[in-house]
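Peer 1: Protein sequences appear in the order of chains A and B. The first sequence: position 65 = 65 (my numbering), numbered continuously. The second sequence: position 62 = 62 (my numbering), numbered continuously.
Watch out, some of these pointers could steer you wrong.
[Unchecked claim] Which residues of chain A face chain B? A partial, calculated answer using Cβ under 7 Å:
#: 1; residue: R158
#: 2; residue: Y191
#: 3; residue: N192
#: 4; residue: F227
Just so you know, the hints here were simulated from the structure itself, not pulled from any lab data. Glycine residues also receive a C-beta, built at the ideal position from the N, C-alpha and C atoms.
Number of protein chains: 2
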Amino acid sequence: MLSKSKIKLIQSLNRKKERDETGLFLVEGNKMVEEALRSDFKVVTLIGTSAFLGSHPSELTGIMEVVETNKEFINKASLLQNPQDSIAIVEKPDSSEINLNFDSKLYLSLDFIQDPGNLGTIIRIADWFGIDTIICSENTVDVYNPKVVQATMGAIFRVKCLYINLEQVFTTIDTKKIPIYGTFMNGENIYNESLTKNGIIVMGNEGNGISDSISGFITKRLAIPTFSPNNEKSESLNVAIATSICCSEFRRRYPN
Amino acid sequence: MLSKSKIKLIQSLNRKKERDETGLFLVEGNKMVEEALRSDFKVVTLIGTSAFLGSHPSELTGIMEVVETNKEFINKASLLQNPQDSIAIVEKPDSSEINLNFDSKLYLSLDFIQDPGNLGTIIRIADWFGIDTIICSENTVDVYNPKVVQATMGAIFRVKCLYINLEQVFTTIDTKKIPIYGTFMNGENIYNESLTKNGIIVMGNEGNGISDSISGFITKRLAIPTFSPNNEKSESLNVAIATSICCSEFRRRYPN
């Protein structure tokens, strides 16, 4: 049985305020919950049907609270359109423990990404291309927003997201050693420019691109050229698509 | 005033059967409707508020039917969550007039893409990378599905989609001159393989990839390598993301 207070807690985690206050977030869908159970993240409460819990006996040890319930209660509590057989309440990891190593690694930095689906997709892309940490502006959508969590398809358990004042970080960076790349409509063709193994790739807001306060820090302005004969008519690329093309081009040049 | 029968027609265009019977499809949102008005497509009925119609006087000539109405009726008719000030009913173009020129051009071919958002995004990618025609399997989601139309952000008016039996087309192709590329988890690293200026890139279904009946036609099996240290754990890339990386790599090598 799922208590009323537990249902209320689950639904409250749809709001950032409650996630911040409790330090918890929500993971839904059997595949995602399985990823949470296998990850380093701490599952505080696991809610599942008897069939779901019965098929994961070894993963249940160490979980503070396991609640067996039926589909009806899961449907009641779930934020998904098509609820499955399990819900996990998970502890947000401590982001103060994230180490940044700009000298040798490649990072993504997001300047005011608003759409949960875009952030989730970008985290999935980072995971694929071996970028282990994303540096987000404080106004970027919360990575623990349930829509973001679901859109990562599990990559959220492998890629760290740090929310921080980007200007403060960029001010401290020696850009001779650590290039800060950014994509602009009028930047230089990414295919022809020299790139580096390490550095930061900044991706800007869906509607407005990289903000004025950040663009001054960019040491190399890149563009993904269009090959459309209707050049001027083509909409700009979606930010997740642009991110994937940038990551692909950096990793193509520096696979190791 | 918007008649009841017109509202009924608009809403019926959410269904493929009605779109096929009438030869019409729906375009919503002011920016999309403006793109429709500027395109070669034939707008059969334009519905708009007086403010919208008043601001597009030059585009109204030649439209068979212009209906001025108020926001209330647009809200009633619209399939969007946030309706705007205009709706266009547009004629589907005649796909029998599409010329394929495999000898010199690059094509995308979609084998059972199911998700409307993915198809819309792929059309937008094709537009950006100058691929003017997409060859879709007959079971790929309908390009005139309103969700696909909206997701193209206007690219639907520039990129043609042909629905056809892929096996029949591929059987006729001289693959010595016209390579058929496909992406597979165990294909060859796309960054290291020789590619050509012309040919066909086949993208497979979201869950199952390229179908068995099609994979036999693929002359070059490609893969987008992962750079994740958790190699085996990473989910495959979303099909639209994979499409963008493939298109980027082909155009990088053959920009002209």
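Peer 1: Hint by hint, note whether the structure agrees.
Peer 2: So, going through the hints one by one against the coordinates:
1. This hint holds: A:R158 has a C-beta 6 Å from the nearest C-beta of chain B, less than the 7 Å allowed.
2. Restraint check, A:Y191 versus chain B: the minimum CB separation of about 5 Å is within 7 Å; hint holds.
3. The interface hint given for A:N192 is broken, as the beta carbon of that residue sits about 9 Å from the closest beta carbon of chain B, more than 7 Å.
4. Interface restraint check: A:F227 against chain B, minimum CB-CB distance 3 Å, threshold 7 Å, status holds.
The structure shown violates just one earlier hint, number 3.
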